[in-house]
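Undergrad: These protein sequence lines map, in sequence, to chains A and B.
All residue numbers in the first sequence are consecutive under UniProt numbering, ending with 218.
All residue numbers in the second sequence are consecutive under UniProt numbering, ending with 218.
These are calculated hints, taken from the structure and not from any lab test.
All residues carry an ideal CB built from backbone N, CA and C; glycine is no exception.
A few of these clues could be false.
Unchecked claim - From the structure, some residues in chain A lie toward chain B, with a derived Cβ separation under 8 Å: (1) S78; (2) E97; (3) T137; (4) H157; (5) F160.
Said to hold, decoys possible - The calculated SDA-like cross-link candidates involving lysine to any residue, where the alpha carbons are at most 25 Å apart (straight line), are: (6) A:K176 <-> B:G192; (7) A:K141 <-> B:W169; (8) A:K195 <-> A:P131; (9) A:K103 <-> A:S66; (10) A:K195 <-> B:G192.
Protein chains: 2
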Amino acid sequence: MGNPSSSPLFSRFSFLIISLFLLRSPAAANRLLLRLPSKPDPKNAAATARWLAGQNFWGVLSTISSDLGGAPFGNVVSYSDGLPNSGSGIPYFYLTELDPTAKEALKDARSSFTVSEYPLGTCGNTDPENPSCAKLTLTGKLKLLDNLSAEAKYARHALFTKHPEMKDWPIGHNFKIFRLDIENIFLIDWFGGPKPLTPEQYLNYGKIQRYLSYDFLT
Amino acid sequence: MGNPSSSPLFSRFSFLIISLFLLRSPAAANRLLLRLPSKPDPKNAAATARWLAGQNFWGVLSTISSDLGGAPFGNVVSYSDGLPNSGSGIPYFYLTELDPTAKEALKDARSSFTVSEYPLGTCGNTDPENPSCAKLTLTGKLKLLDNLSAEAKYARHALFTKHPEMKDWPIGHNFKIFRLDIENIFLIDWFGGPKPLTPEQYLNYGKIQRYLSYDFLT
Numbered sequence: 001m002g003n004p005s006s007s008p009l010f011s012r013f014s015f016l017i018i019s020l021f022l023l024r025s026p027a028a029a030n031r032l033l034l035r036l037p038s039k040p041d042p043k044n045a046a047a048t049a050r051w052l053a054g055q056n057f058w059g060v061l062s063t064i065s066s067d068l069g070g071a072p073f074g075n076v077v078s079y080s081d082g083l084p085n086s087g088s089g090i091p092y093f094y095l096t097e098l099d100p101t102a103k104e105a106l107k108d109a110r111s112s113f114t115v116s117e118y119p120l121g122t123c124g125n126t127d128p129e130n131p132s133c134a135k136l137t138l139t140g141k142l143k144l145l146d147n148l149s150a151e152a153k154y155a156r157h158a159l160f161t162k163h164p165e166m167k168d169w170p171i172g173h174n175f176k177i178f179r180l181d182i183e184n185i186f187l188i189d190w191f192g193g194p195k196p197l198t199p200e201q202y203l204n205y206g207k208i209q210r211y212l213s214y215d216f217l218t
Numbered sequence: 001m002g003n004p005s006s007s008p009l010f011s012r013f014s015f016l017i018i019s020l021f022l023l024r025s026p027a028a029a030n031r032l033l034l035r036l037p038s039k040p041d042p043k044n045a046a047a048t049a050r051w052l053a054g055q056n057f058w059g060v061l062s063t064i065s066s067d068l069g070g071a072p073f074g075n076v077v078s079y080s081d082g083l084p085n086s087g088s089g090i091p092y093f094y095l096t097e098l099d100p101t102a103k104e105a106l107k108d109a110r111s112s113f114t115v116s117e118y119p120l121g122t123c124g125n126t127d128p129e130n131p132s133c134a135k136l137t138l139t140g141k142l143k144l145l146d147n148l149s150a151e152a153k154y155a156r157h158a159l160f161t162k163h164p165e166m167k168d169w170p171i172g173h174n175f176k177i178f179r180l181d182i183e184n185i186f187l188i189d190w191f192g193g194p195k196p197l198t199p200e201q202y203l204n205y206g207k208i209q210r211y212l213s214y215d216f217l218t
């Protein structure tokens, strides 16, 4: 009697509230369920950067626009760094040359890819530009993958898992898989300026974690 | 009796649900209340672009990074194009030279600013890269404003209204107000490629609307 959570009325309310939330957007709900890992300690730069890359599913990919006098051109794109909660940290994209980004990247591969913690919903009331609301920019070269390679097969699976509608996008648009080869990392996740983080530290983060777990278990 | 919306129990449920939603984040709730205008018809390019610029409050600002071999560098920033629901379409930023974006822009003003419809919550189940989930890239020159000018006063008010915590950011960081002078507009808001839209059509959109309303009323 005294425990409200066991009351059928309370259960019905909870169910109603949860259903209403989930019904807002089934895709958002699925993505929410995939967002299991909590935000790492900001002191752990590699973990935070990999968390940002793994939990986001869209960002802004910037290339150099020869059509616009060499100006930087940022474009909203979807991406995937692997299967949910087992990403590689390497962003893969599914782009068509009908869009300027892919076309420009094939002429000049210099690119950067930017994601924010803000859309993950973990910044609370904090402004998106406040350093405690984390942001990540990966700079490097955007490379077209050989469509028949094992990596392209993995990337396609990673992309289609996080973006199910991609597999039905028009064949005539000739979408191709691109990878960002990371050369520099800019991470702000707390006050005091960007966190020092090399591409090696970033890319090896999961491997080291897995190795330590293996070492511990054997 | 038969109308559930008049039942006190239903009202209590509704209040509980709405309260729970609003309590998740007061800032988000305020922003939600400000998002009154609904999405324009995608056929109206100027209205859609101005809606994207007016309803978003953060995006990615890209500059040319001399530190990174001339690569494009996209950075997550907050912005404002004016007071809520009466924006000018011109994005204003509050940036410090402690951050690479402002520093680089003062050396090479070529920039682009990118926002997506996705974080506004109106794309539903649609993927952020699907053309029906609108995206806007404004390309041009990022210019530092004279801090004592009337425009800087307006921009500061516009920024602080949408980003209340900015007024308490450290004085020692020497934040300055920048404006993007728009030279090119890339808008995707439906299938069939970018919508033709000149900076003049974009910037004059509200003025024309106001003129038509005035004409109609007098």
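Undergrad: Would you mind marking each hint as holding or not holding in the structure?
TA: So, going through the hints one by one against the coordinates:
1. S78: Status holds, d = 4 Å.
2. E97: Constraint on A:E97 not satisfied, violated at 12 Å.
3. T137: 6 Å, holds
4. H157: With Cβ-Cβ at 16 Å, over 8 Å, it is violated.
5. F160: Violated. Min distance 11 Å.
6. A:K176 <-> B:G192: Status holds; Cα separation ~19 Å.
7. A:K141 <-> B:W169: With Cα atoms ~35 Å apart, A:K141 and B:W169 exceed 25 Å; violated.
8. A:K195 <-> A:P131: Holds, at about 11 Å.
9. A:K103 <-> A:S66: Status holds; Cα separation ~10 Å.
10. A:K195 <-> B:G192: 42 Å, violated
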